[in-house]
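**Q** One-letter residues, chain by chain:
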Amino acid sequence: MAEFKEATAGAGVGEKVTVWFENRFPTAFSEYKKHLSEYYAPKNFNVWYFFGSLALLVLVIQIVTGIFLVMHYKPDANLAFASVEYIMRDVPWGWLVRYMHSTGASAFFIVVYLHMWRGMIYGSYRKPRELVWIFGVLIFLCLMGEAFFGYLLPWGQMSYWGAQVIVNLFAAIPFIGPDLALLIRGDYVVGDATLNRFFAFHVIAIPLVLIGLVVAHLLALHDVGSNNPDGVEIKATKDASGKPLDGIPFHPYYTVHDIVGVAVFLFVFSAVVFFAPELGGYFLEYNNFIPADPLKTPAHIAPVWYFTPYYSMLRATTDVMVNVLAVLTALGALAALVGGGFSGKGKLAVAVAAVVAVALLKTFDAKFWGVVVMGGAVVILFFLPWLDRSPVKSIRYRPVWHKWLYGVFVVFFIVLGYLGIKPPSDAGTLISQIGTIFYFGFFLLMPWWSRIGEFKPVPARVTFAAH
Amino acid sequence: MSKSEVDSSRRNWVLATAGAGAVGGAFTAVPFVSSFQPSERARAAGAAVEVDIGGLKPGEKLTVEWRGKPVWIVRRTPEQLESLKKIEGQLADPNSDRKQYPTPDYAKNQHRSIKAEVLVAVGICSHLGCSPVDKFQAGAQPSLPDDWPGGFFCPCHGSTFDMAGRVFKNKPAPDNLEVPPHTYLSDTKLLIGEDKKA
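So the sequences go chain by chain: A and B. Mapping to our numbering: the first sequence position 143 is 143, numbers consecutive. Mapping to our numbering: the second sequence position 12 is 12, numbers consecutive.
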């Protein structure tokens, strides 16, 4: 324990109170310094760096509005739909709380997708920030779970059939699948039991994990320090007192700076909440205003927009696609054998792995591989820190064609998302198959392509022009 | 601490205690995980359903609920039955040989039913559980091939089924529509959920 401090003689009431607390709860003071007043963040943050604090803001919005919604909502298959309508029509200001929560869900994904994109282009996942990135991907997974469980609660047609489709994804897993799907649903079809447990996951289980992960994400970030658009380590250049020369204290500099971001965000957020809460059926699907009917599937089922890129990949995995994947696996193995520089044992391992992979591809249904592709598209993000082998972190110092590649990646991601909203069509399937292959090629071939090209020299200090 | 010798007797006891604790923890998890299974009430709700199909005209479909799932009863027209013969080459599993949703022996025929004209099938796509829609009208139409023989179309992922619920090749759905156990109590009384063997 630290020494007991004494207030200076003749100190005012304010100082005395502060000292009283400092003696009894010093952690509050040291943590405040560590995470705010003496956390040095690079001074060259640009607009992309708003989305981290905005994600925190949306989390708070979701938790607060969620608590108020739970006060009126009824997790019962016979009452749920009506209770949501009750919130919308009869509860004073209930419509606002509900629209904030539903818009907040989409806002969360917009903000998080942009936050992840920032990490990708500036190499924020590279050493020593691998764990920051991994905690982040876990948060993303939790968000997807949160969104999926929450979407069942209004008990509309889309809620019901969306859950039906996603739970049946698990049934595609060989051997254990059907039992696993039964365990998730708690009934032979999505029903009251499913609604009740999804409610429990949505309001207690996942939020607890989510908050824990957010804390881990921030603590790990503050241990290693923030990256910046130049990908330069500011801790490498310190002044005499040991403070990074290119760093500024988070409070007050970035707290004030982030308020600007918050203002702009709330501007857009309020515009959606008040003038277009359904946003043309993208934020709240029209079919979800019809109560769930287990006997009638809506003419067209599509997940909410933030899941559609992955949903497209699921739909793209047809029998033909599985054959293409088998051929690509074989070609990849062949390339590794010829040019991979493996030893004799390594070559044998590659060959055996490829044969097993192709055999498995042909053994199980395309349906199962669709689920694998969909899950793999998210899981592959965990490995990004080790896939990227480029000598520089930031896209600023990478070859021009790398920028184009990242651009094409985004375009494909958006196109996949768009196709996932549309009803299935032959042309759409073909394009999403190409998109899926590009998505996986982008990541799986990254260890090779990220090293190729002419990299620009990285400066020792961050580039920053004072305003 | 590092200098002093490890008291291996104490360490073994610590390991044994930790191990016993882990086993106890694993056993404690059993009731929690088991509580995810369908409740006794949900299991009991799976009783058989009796349906009168006397009023069902050729080309019409009746939907009843069994175990919370839609079960279709379709009285097929002679033309629709005729269409089943021509398209066997386009089907993934024309003889219903796959085992994922085993077809009862009495329905393991071209029309997949006890009575040739009456189809009884669970209206849930074997892909991801959507309920396909009726597309009994043959011929070209949106989302369907130009030589469409009539059947069912799943709006979720585009799987197509013929008038006997058999899935077409190279579609997301791997299996034909499930034929539930069923039996005729009389000429027009159908019992869904039980068959004679049971």
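In case anyone wonders, no lab produced these hints; they're calculated from the structure. In this text, all values refer to a predicted model and were calculated from it rather than measured experimentally. Idealized CB from N, CA, C, for every residue including glycine. Treat the hints loosely; a few may be bogus.
Beyond 12 Å from chain A on every Cβ pair, some chain B residues (computed) [as the list claims (entries may be wrong)]:
id : residue
1  : V6
2  : S9
3  : V14
4  : E50
5  : K57
6  : E65
7  : I114
8  : G139
9  : S159
10 : D175
11 : D195
Distance condition first, Cα-Cα at most 20 Å in a straight line; then the derived PhoX-like pairs of lysine-lysine [claimed, not checked]:
id : chain 1 : residue 1 : chain 2 : residue 2
12 : B       : K169      : A       : K362
13 : B       : K61       : A       : K296
14 : B       : K99       : A       : K362
15 : B       : K99       : B       : K57
16 : B       : K57       : B       : K189
17 : B       : K108      : B       : K196
18 : B       : K196      : B       : K61
19 : B       : K61       : B       : K99
20 : B       : K69       : A       : K296
21 : A       : K296      : B       : K99
22 : B       : K135      : B       : K86
23 : B       : K86       : B       : K108
24 : A       : K33       : A       : K362
25 : A       : K127      : A       : K235
Pair ranges (Cβ atoms, derived) [what the hints assert, rightly or not]:
id : chain 1 : residue 1 : chain 2 : residue 2 : range
26 : A       : A205      : B       : V14       : 50 to 58 Å
27 : A       : I204      : B       : A18       : 26 to 34 Å
28 : A       : I259      : B       : V14       : 31 to 39 Å
29 : B       : K196      : A       : F383      : 35 to 43 Å
30 : A       : L337      : B       : Q137      : 34 to 42 Å
31 : A       : I204      : B       : E50       : 36 to 44 Å
32 : B       : R10       : A       : I173      : 38 to 46 Å
33 : B       : Q137      : A       : T363      : 32 to 40 Å
34 : B       : A18       : A       : T237      : 44 to 52 Å
35 : B       : R10       : A       : L337      : 51 to 59 Å
36 : A       : I434      : B       : D147      : 53 to 61 Å
37 : A       : F383      : B       : D146      : 44 to 52 Å
**Q** A separate judgement is required for each hint: does it hold in the structure or not?
**A** Outcome of the hint check:
1. V6: 32 Å, holds
2. S9: 36 Å, holds
3. V14: Consistent with the label, V14 of chain B stays out of reach of chain A, its closest Cβ about 28 Å off (over 12 Å).
4. E50: Non-interface label on E50 of chain B holds, nearest chain A Cβ at 18 Å vs cutoff 12 Å.
5. K57: 21 Å, holds
6. E65: 6 Å, violated
7. I114: For I114 of chain B, whose nearest Cβ neighbour in chain A is about 23 Å away, the distance exceeds 12 Å, so it holds.
8. G139: 18 Å, holds
9. S159: 9 Å, violated
10. D175: 9 Å, violated
11. D195: 18 Å, holds
12. B:K169 / A:K362: 15 Å, holds
13. B:K61 / A:K296: It holds: about 13 Å lies between the C-alpha atoms, which stays within 20 Å.
14. B:K99 / A:K362: Holds, at about 17 Å.
15. B:K99 / B:K57: 32 Å, violated
16. B:K57 / B:K189: At roughly 15 Å apart (the allowed maximum being 20 Å), K189 of chain B and K57 of chain B satisfy the hint.
17. B:K108 / B:K196: 16 Å, holds
18. B:K196 / B:K61: Violated, at roughly 24 Å.
19. B:K61 / B:K99: 27 Å, violated
20. B:K69 / A:K296: 10 Å, holds
21. A:K296 / B:K99: Outside the cut-off at roughly 27 Å; violated.
22. B:K135 / B:K86: 17 Å, holds
23. B:K86 / B:K108: 18 Å, holds
24. A:K33 / A:K362: Judged against 20 Å, a Cα distance of about 58 Å means the pair is violated.
25. A:K127 / A:K235: Holds - the C-alpha atoms of K235 of chain A and K127 of chain A are around 14 Å apart, at most 20 Å.
26. A:A205 / B:V14: 50 to 58 Å: 32 Å, violated
27. A:I204 / B:A18: 26 to 34 Å: 29 Å, holds
28. A:I259 / B:V14: 31 to 39 Å: 53 Å, violated
29. B:K196 / A:F383: 35 to 43 Å: 56 Å, violated
30. A:L337 / B:Q137: 34 to 42 Å: Between L337 of chain A and Q137 of chain B, where Cβ atoms are some 54 Å apart, the hint is violated.
31. A:I204 / B:E50: 36 to 44 Å: 42 Å, holds
32. B:R10 / A:I173: 38 to 46 Å: 45 Å, holds
33. B:Q137 / A:T363: 32 to 40 Å: 38 Å, holds
34. B:A18 / A:T237: 44 to 52 Å: For T237 of chain A against A18 of chain B, whose Cβ atoms are near 47 Å apart, the range 44 to 52 Å holds.
35. B:R10 / A:L337: 51 to 59 Å: 54 Å, holds
36. A:I434 / B:D147: 53 to 61 Å: 27 Å, violated
37. A:F383 / B:D146: 44 to 52 Å: About 45 Å separates the Cβ atoms of F383 of chain A and D146 of chain B, which means 44 to 52 Å holds.
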